[in-house]
Amino acid sequence: DTGVSQNPRHKITKRGQNVTFRCDPISEHNRLYWYRQTLGQGPEFLTYFQNEAQLEKSRLLSDRFSAERPKGSFSTLEIQRTEQGDSAMYLCASSPQTGLFAEAFFGQGTRLTVV
Amino acid sequence: AQSVTQPDIHITVSEGASLELRCNYSYGATPYLFWYVQSPGQGLQLLLKYFSGDTLVQGIKGFEAEFKRSQSSFNLRKPSVHWSDAAEYFCAVAPKTSYDKVIFGPGTSLSVIP
Numbered sequence: 001d002t003g004v005s006q007n008p009r010h011k012i013t014k015r016g017q018n019v020t021f022r023c024d025p026i027s028e029h030n031r032l033y034w035y036r037q038t039l040g041q042g043p044e045f046l047t048y049f050q051n052e053a054q055l056e057k058s059r060l061l062s063d064r065f066s067a068e069r070p071k072g073s074f075s076t077l078e079i080q081r082t083e084q085g086d087s088a089m090y091l092c093a094s095s096p097q098t099g100l101f102a103e104a105f106f107g108q109g110t111r112l113t114v115v
Numbered sequence: 001a002q003s004v005t006q007p008d009i010h011i012t013v014s015e016g017a018s019l020e021l022r023c024n025y026s027y028g029a030t031p032y033l034f035w036y037v038q039s040p041g042q043g044l045q046l047l048l049k050y051f052s053g054d055t056l057v058q059g060i061k062g063f064e065a066e067f068k069r070s071q072s073s074f075n076l077r078k079p080s081v082h083w084s085d086a087a088e089y090f091c092a093v094a095p096k097t098s099y100d101k102v103i104f105g106p107g108t109s110l111s112v113i114p
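Those protein sequence lines, which keep their order, are chains C and P. The first sequence runs 1 to 115 under this note's numbering. The second sequence runs 1 to 114 under this note's numbering.
Hints in this document: simulated from the structure, not taken from any laboratory. Keep in mind that a hint or two might mislead.
[Claimed, not checked] Straight-line distance between alpha carbons at most 25 Å, and here's what the computed DMTMM-like set of lysine to aspartate or glutamate pairs gives: (1) C:Lys11 with P:Glu88; (2) P:Lys49 with C:Glu44; (3) P:Lys96 with C:Asp86; (4) P:Lys49 with C:Glu28; (5) P:Lys96 with C:Glu52; (6) C:Lys57 with C:Asp86; (7) P:Lys61 with C:Glu52; (8) P:Lys68 with C:Glu28; (9) P:Lys49 with C:Asp86; (10) P:Lys49 with C:Glu56.
Keep in mind that this is a model prediction, so the values were computed, not measured.
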């Protein structure tokens, strides 16, 4: 297993367009997280899944954002009608479900630039 | 409000010198505490974590951190820095109820000069 994989690594899009990112977690990891990281800031929690169920959504996740994990494996994050403020690094992480806390492994991220 | 502060935006140290990165948190109760490192082009990697017990925790790559409840601090240290330690370091906290609401600090960028 090569870790958490995110695609694409970079995405440049025009304002108003829709974009979709994909995250492939480490196999057999039940939990999957999405974070957003803007320049000079730490990652901000967006949402997380336990298997296919989306259990938590941050208030940062506006109606233009939607995340899915249809079969409890890979996940997609879609942003509709992108705005310049959406430009950021989108990070995905996964962890096994073992007690209250298990180390989350992060992917390298997808860098989105909205022009 | 829950928050994590890292007072130093950028630090430069000489290779072989000691390092201390500061972290302070504001939380209702003592949370879980973490330090992550993010190298250019790499994902975030967990360096160490504190849950309870011994307030001095050892991590990977020769790092350690000390939890001080009275100061609400969790500073990261390394006795001798290597050039490969140049990276962005993030302090993070999470409530003891779950990992779901991890709050990251703004990060400290570390440069290492030969």
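Evaluation of the provided hints:
1. C:Lys11 with P:Glu88: holds (23 Å)
2. P:Lys49 with C:Glu44: holds (19 Å)
3. P:Lys96 with C:Asp86: Distance of about 31 Å is beyond 25 Å: violated.
4. P:Lys49 with C:Glu28: holds (23 Å)
5. P:Lys96 with C:Glu52: holds (24 Å)
6. C:Lys57 with C:Asp86: Holds - the C-alpha atoms of Asp86 (chain C) and Lys57 (chain C) are around 17 Å apart, at most 25 Å.
7. P:Lys61 with C:Glu52: violated (35 Å)
8. P:Lys68 with C:Glu28: Violated, at roughly 36 Å.
9. P:Lys49 with C:Asp86: violated (31 Å)
10. P:Lys49 with C:Glu56: holds (23 Å)
Checked against the numbered hints above, the structure breaks hints 3, 7, 8 and 9 and satisfies the rest.
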